[in-house]
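Participant: Each chain, letter by letter, is given below.
Protein chains: 2
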Amino acid sequence: MSDVINKLKLVRLGIDTKNEFIIYIHEDCFVCKSEGFETSTRILVTANHQSIIATLDIIRSKILKPSEASLSESTWERLNVKENDFVTLSHINPVTSLKYIRSKIFGNELTANEFDDIISDIVAGKYSNIHLSSFITACATANLNVTEIIHLTKAMVKAGKQLHWDHPCVMDKHSVGGIPGNRTTPIVVAIVAEAGLIIPKTSSRAITSPAGTADTVETMTVVDLSVEKMRQVVNLEGGCIAWGGTIGLSPADDIIIRVERSLDIDPTGQMVASVLSKKAAVGATHVVIDIPVGPTAKIRSEQEFLKLKEYFEVVDKALGLKVKVLKTDGSQPLGKGIGPALEAKDILSVLNNDKQAALDLKQKSILLAGTLLEFGGKSPPGQGHLLAQQLLENGAAFKKFIAICKAQGGFKEPPTAAYTYGIVAAHKGTVVEIDNRNLAMVAKLAGAPHDPAAGIEFFARIGSAIDKGQLLYRIHTESKGALQYALSYARSIPNIVKISRET
Amino acid sequence: MSDVINKLKLVRLGIDTKNEFIIYIHEDCFVCKSEGFETSTRILVTANHQSIIATLDIIRSKILKPSEASLSESTWERLNVKENDFVTLSHINPVTSLKYIRSKIFGNELTANEFDDIISDIVAGKYSNIHLSSFITACATANLNVTEIIHLTKAMVKAGKQLHWDHPCVMDKHSVGGIPGNRTTPIVVAIVAEAGLIIPKTSSRAITSPAGTADTVETMTVVDLSVEKMRQVVNLEGGCIAWGGTIGLSPADDIIIRVERSLDIDPTGQMVASVLSKKAAVGATHVVIDIPVGPTAKIRSEQEFLKLKEYFEVVDKALGLKVKVLKTDGSQPLGKGIGPALEAKDILSVLNNDKQAALDLKQKSILLAGTLLEFGGKSPPGQGHLLAQQLLENGAAFKKFIAICKAQGGFKEPPTAAYTYGIVAAHKGTVVEIDNRNLAMVAKLAGAPHDPAAGIEFFARIGSAIDKGQLLYRIHTESKGALQYALSYARSIPNIVKISRET
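Chains as they are written, first to last, in this note's numbering: chain W, 1 to 503; chain R, 1 to 503.
Source of the hints: derived by calculation from the structure; they are not laboratory data.
You may find that some hints are simply not true.
In this list, chains with the same sequence are indistinguishable; a pair is considered to hold if it fits within one copy or across any two.
[To be verified] With a Cα cut of at most 27 Å, we get these calculated BS3-like pairs of lysine-lysine:
#1 Lys-161 <-> Lys-412
#2 Lys-158 <-> Lys-324
#3 Lys-327 <-> Lys-468
#4 Lys-99 <-> Lys-324
#5 Lys-9 <-> Lys-480
#6 Lys-480 <-> Lys-65
#7 Lys-7 <-> Lys-18
#8 Lys-7 <-> Lys-480
#9 Lys-406 <-> Lys-158
#10 Lys-229 <-> Lys-406
#11 Lys-65 <-> Lys-317
#12 Lys-99 <-> Lys-307
#13 Lys-480 <-> Lys-399
#14 Lys-307 <-> Lys-412
#15 Lys-327 <-> Lys-412
#16 Lys-99 <-> Lys-412
#17 Lys-498 <-> Lys-99
#18 Lys-158 <-> Lys-18
Note that the structure is predicted; figures quoted are calculated from it, not measured.
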């Protein structure tokens, strides 16, 4: 039904709208007139035998001629065009999967085929931000049931590449977010790979947190690996730490995460689908899921934990994965750093066995690595943590980490921020509670994860005795504006670090 | 906490993004660098002592210098700036009402204050399309309860102007959508005003239908009246038919409707709030609500009708309005025309007492006008329709309608389409069912409501005997492309007009 109607010559205006596909056309363009296109019309744009759907912005000035068109930067790259190429425009077929979203909004359960259609339309770029936001919100609000989460997960796996490995045990781990600085992955991968298991780890960038593992590792090495490169690194070193986005595993996930970030939500059903679609796509067979529970963590109660655990277990089973779910302490940040480079420094300290290394980060990494070693048959039950500790403390894990970084493209030291400011205690007392959510907000306002050196260095663990004027945390930023902004927010929220009053 | 940091000179690039506020800045701009702004950052933009929040698109070409900025056309108008004016940029305060949307997503009931904050932030332009879409979807999915609908309605009234009239009875009506061509309002207003009652009618543009009353009346006269003009027209003629959008009554409604149109939904709670906020804001005291019920209408069952009726009655009571809810036939289109100009022609035929005027449209207009005449004390119970019929058939209503149009800015004949194409019956039989939803879709693909002359002329009422090859409906378009597109859609859907096979 699509009806190719005319050609316009491309001019590069260089407008970066991030992932939203936009086409710019002059108001006097004959194609718009004959086709009835107006601002906000969704149009099928074809060039080089590839098509995508873009939203029309009309140009009412001389930056374009009526016979010309321009594309936003991501559209330009997706269609792989160059200046003076031609694009053809046509009406789009109605995006039929949108009716399943309306169906979900009205409370219906969606089928496997309906999720497949939605996800493949999302990956094909047929959804505008308005549609994506509605899909995410509808699934969050209506609380997908377990069957729907299974359908959604499988649809997300199908929509991208899938890896296969010639090993009976392919290990993987995932930590549910919500705890600033919970950055065990690089340490765990190094230990597990050093022990001789296969662990082709892909990680995501931050959704609502100040840093994702991919953001953190990117301050030390290259994380956007091709599938071929990833395979090479794993064959050479047994493990890797790659950003899942560029590999093309579960590509829908990256599109959905971008809108979730704008909404500052990460709802349960989509979280489970997001995590497990990545695990299934990467070819994992054995997965350890770490769920931190605490009063301001993402999961706040035993009840929520049990519900999420059940979701993970049921969906894992449907996908044919073996899974172990661990409940861990989610009451406060792990390590001292919050933000990409600051977390990377914590990781290097632990791997280096520095005296001032964060003990909690070390212990948690040993717990998770130990569980994986037992799960993969490298250690008898109950003994995994001893082997993990040994491989960490004898320096073997550090060497393995550097070797992995070198295989991925070289190791570099994480950067240091240009501006810092210390927040001190207003009175003497003992730290009784940490507001993780607002602490993360301060780190984000400081610029994390976009500015790699930005974030927070945190010194006030729960139970610490604090003097008046003692440093609680230090804000790091790459710009003055960000520092002022993070500071004013920090000052406007009382008790980010709650200190008991001595009586 | 907002922190004004620097000035950029404005250049008009003339980019029309509709209502989405966008600011364009060069990638090398020092403000972006020092503040850490990147593509998609939401920024507070101030000029002429007014501020709005806009989304940043970064320019990676020479169409702007690093010391310049541009604004999308709607932003330019909203800030009332001119070329070479300066704008200052600063970080925005976090939009705190967004957390109430997250709360709604997680199933909580929202309070009156929370709705007030959401609606006033929406009117202030603080929500991106992603946020608006999430709010609309969350409220639709979670099914607002009656208390929340009352809060939402009052918040929408408060966020705009409110009119007051020195009359004990200020009449109003509303027809719930879903029936193509259900355009009784102009006829009802003419009759009721002619009878001596006050009826300051505001109407909306189409949400998901091929025409709203404002779109239809706009083909005959001016509908974007100021409050002063509206008052003048009503004082002179007793009634008016104005577009609610420009008057500033319930301005949140127009923003919400725009996103609902992209999502092609019009959920119950928001519909009730949208309708009644407009009635309360316009100062109505007596309101008749017409709810068409039919298998492909918006309201499809007795149960849905009763639920909606209850919502209207409870919310009306909370707002201090008197309301009568009527259930009407929603099985097929009313009149022959679907689309702004075609519906306007139907209206003029009825007012003119043409022989070929649509009888169903006439009868329904008499029913609604009669109910209003009784409600307003101009006729004893059960006699309203007689008075209404008399005022229509003696030509008084027609004269009143023309007088109202003249008072609003002059009367003109509705336009005629450049292209038409007739759809004929594939076989002999009797019309047994009309697929209103797909019929409306064909009219929209033909260009309605954007192209005023576009739409459908409909000839195949339920029960009609039809010969093979007989005209069922005629598609009208303003462009060839739209005609081809509407046609291919019409041909791809079987049984838009379902004809029984003679046996």
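Participant: Please go over all the hints and tell whether each is borne out by the structure.
Facilitator: Results for each hint:
no. : hint                : verdict
1   : Lys-161 <-> Lys-412 : neither (30 Å within a copy, 60 Å between copies)
2   : Lys-158 <-> Lys-324 : within (24 Å within a copy, 53 Å between copies)
3   : Lys-327 <-> Lys-468 : neither (35 Å within a copy, 71 Å between copies)
4   : Lys-99 <-> Lys-324  : neither (37 Å within a copy, 33 Å between copies)
5   : Lys-9 <-> Lys-480   : between (43 Å within a copy, 22 Å between copies)
6   : Lys-480 <-> Lys-65  : between (41 Å within a copy, 23 Å between copies)
7   : Lys-7 <-> Lys-18    : both (25 Å within a copy, 24 Å between copies)
8   : Lys-7 <-> Lys-480   : between (47 Å within a copy, 17 Å between copies)
9   : Lys-406 <-> Lys-158 : neither (32 Å within a copy, 62 Å between copies)
10  : Lys-229 <-> Lys-406 : within (12 Å within a copy, 74 Å between copies)
11  : Lys-65 <-> Lys-317  : neither (58 Å within a copy, 57 Å between copies)
12  : Lys-99 <-> Lys-307  : between (29 Å within a copy, 23 Å between copies)
13  : Lys-480 <-> Lys-399 : neither (38 Å within a copy, 69 Å between copies)
14  : Lys-307 <-> Lys-412 : neither (41 Å within a copy, 64 Å between copies)
15  : Lys-327 <-> Lys-412 : neither (34 Å within a copy, 72 Å between copies)
16  : Lys-99 <-> Lys-412  : neither (49 Å within a copy, 39 Å between copies)
17  : Lys-498 <-> Lys-99  : between (48 Å within a copy, 23 Å between copies)
18  : Lys-158 <-> Lys-18  : within (25 Å within a copy, 36 Å between copies)
Hints 1, 3, 4, 9, 11, 13, 14, 15, 16, counting from the list given before, are not met by this structure.
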